[in-house]
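Same order as they appear, the protein sequences are chains A and B. Using my numbering, the letters of the first sequence correspond one by one to residues 1 to 174. Using my numbering, the letters of the second sequence correspond one by one to residues 1001 to 1174.
Treat the hints as calculated values from the structure; they're not laboratory data. Just so it is clear, CB atoms sit at the ideal spot from N, CA and C, and this is done for glycine as well. A hint or two may mislead.
Here are the simulated DMTMM-like pairs of lysine to aspartate or glutamate, each with C-alpha atoms no more than 20 Å apart in a straight line [to be verified]:
no., chain 1, residue 1, chain 2, residue 2
1, B, K1059, A, D58
2, A, K124, A, E80
3, A, K59, B, D1106
4, B, K1125, B, D1039
5, B, K1124, B, E1080
6, B, K1059, A, D106
7, B, K1124, B, E1157
8, A, K59, B, D1058
9, A, K59, A, D91
10, B, K1125, B, E1087
11, A, K124, A, E157
12, B, K1163, B, D1039
Computed footprint of chain A on chain B; a stretch qualifies when at least three of its residues, placed anywhere within it, have a C-beta under 8 Å from a C-beta of chain A [claimed, not checked]:
no., stretch
13, 1048 to 1057
14, 1067 to 1080
2 protein chains.
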Amino acid sequence: MGMIGYAKARKEIARAFRLPAATVGMLAILAISAESADDLKLPASFRNWYHVNTMVIDKGSPLFEAMGGMHNVYINSTGETALKKGEPYPDKTVLLIDLHEFTISDGSYLEGPRKATAIMLKDKKKYASTGGWGFQAWAGGDPTKPLVTDPTKQCFECHQARKDQDYVYSTYIP
Amino acid sequence: MGMIGYAKARKEIARAFRLPAATVGMLAILAISAESADDLKLPASFRNWYHVNTMVIDKGSPLFEAMGGMHNVYINSTGETALKKGEPYPDKTVLLIDLHEFTISDGSYLEGPRKATAIMLKDKKKYASTGGWGFQAWAGGDPTKPLVTDPTKQCFECHQARKDQDYVYSTYIP
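The shape of chain A in the complex, shown without the other chains (with noise of 0.2 Å):
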């Protein structure tokens, strides 16, 4: 991705990630009515999930404003199997990110509190607009807080470099 893309799509990510109480305000009361008829809902029970990796978002990345942190990738049962033989992902697979703040003690990085968890919902028919994939965030976790009303913005525009490996970022780490 060109450095032009890269930084439209920065801002745009920032949108749905980054948390200035004003704007969860606002984004919030605009999506609740978008969201309310919709199957985008936080899992209930994703801690309990495959883990299919870490990774770091620290200071020195364009990226961390928007959504610098510890990203914690989890998958249902319905993408298991795909992630690990690297195959299109079937319907109903949801992939989530549960992104935490570090703090840096002595250059070990410790996990800290929940920041957002985002979701990525594969419904082929419904979502093809966006590779099949719906898109949504809340800020701090909380089913309340949507973040997401743009998902070709603030979501697809940054997947679709990874149209190869079914729009997913993460790769299965045995």
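With the hints as your guide, set chain B onto chain A.
Okay, now just chain B, sitting in the frame of chain A:
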């Protein structure tokens, strides 16, 4: 822990986790006989266990040489409730560190291949001299390459500092 104790612990941990081929080979030969009648075995299914948290030990850490990498911590179902309640762990609890290499790309820390796998197995009676925990680690997560020959020096001397948490460093992050 004072710096002298820390430096000492670091040397011992280095013996548990670092992987120069010759050393590992020696340790493996020494350890296989000690371990053969033991219950400290590499669990087959740990990648499906509950993900407790993740920690990254970076170059800036005095522990980097000994155990640098991305530490994904898992717990078996026996210990899950105690973890969440912050209570002492029941016998047969296993805590496991799946230690991976990482690469840094533009400020993002990305998980790489497995470097080692380490466990703590609770058996209050059997491992009374080391806080009720048995310790073992395997180079590259290979069950034929155990690394711990002296659990007191290589493991317990450092875990002793967490007596208030039943000798476990990790805590529950909801």
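Comparing the hints with the structure gives:
Of the pairs offered as hints, the one joining K1059/B and D58/A holds, with about 14 Å between alpha carbons and a cut-off of 20 Å not exceeded. Simply put, K124/A and E80/A have alpha-carbon atoms about 17 Å apart, close enough for the 20 Å limit, and the pair holds. In summary, the hint linking K59/A to D1106/B is supported, as the alpha carbons are separated by about 10 Å, within the 20 Å threshold. As the CA atoms of K1125/B and D1039/B are separated by approximately 13 Å, the hinted pair is consistent with the 20 Å bound.
Between K1124/B and E1080/B, the direct Cα distance comes to roughly 18 Å. Compliance with the 20 Å bound is thereby established for this hinted pair. The straight-line distance between the Cα atoms of K1059/B and D106/A is roughly 10 Å, inside the 20 Å bound, and the hint therefore holds. Distance restraint check for K1124/B and E1157/B: the Cα-Cα separation of roughly 17 Å lies within the 20 Å cut-off, and the hinted pair is therefore satisfied. Restraint check: the Cα-Cα separation between K59/A and D1058/B comes to about 14 Å, which is no more than 20 Å; the hinted pair holds.
For the given pair, K59/A sits about 36 Å from D91/A by alpha-carbon distance, which is inconsistent with the 20 Å threshold. For the given pair, K1125/B sits about 18 Å from E1087/B by alpha-carbon distance, which is consistent with the 20 Å threshold. Using a Cα cut-off of 20 Å, the hinted pair K124/A and E157/A holds, with the two alpha carbons roughly 17 Å apart. The suggested pairing of K1163/B with D1039/B is violated, with an alpha-carbon distance near 23 Å, which exceeds 20 Å.
For a cut-off of 8 Å, the count of residues in the stretch 1048 to 1057 of chain B with a CB near a CB of chain A stands at 8, and the three-residue condition holds. Coverage of a stretch by a chain is defined here by at least three residues with a beta carbon nearer than 8 Å to that chain's beta carbons; for the stretch 1067 to 1080 of chain B and chain A the count is 3, and the condition holds.
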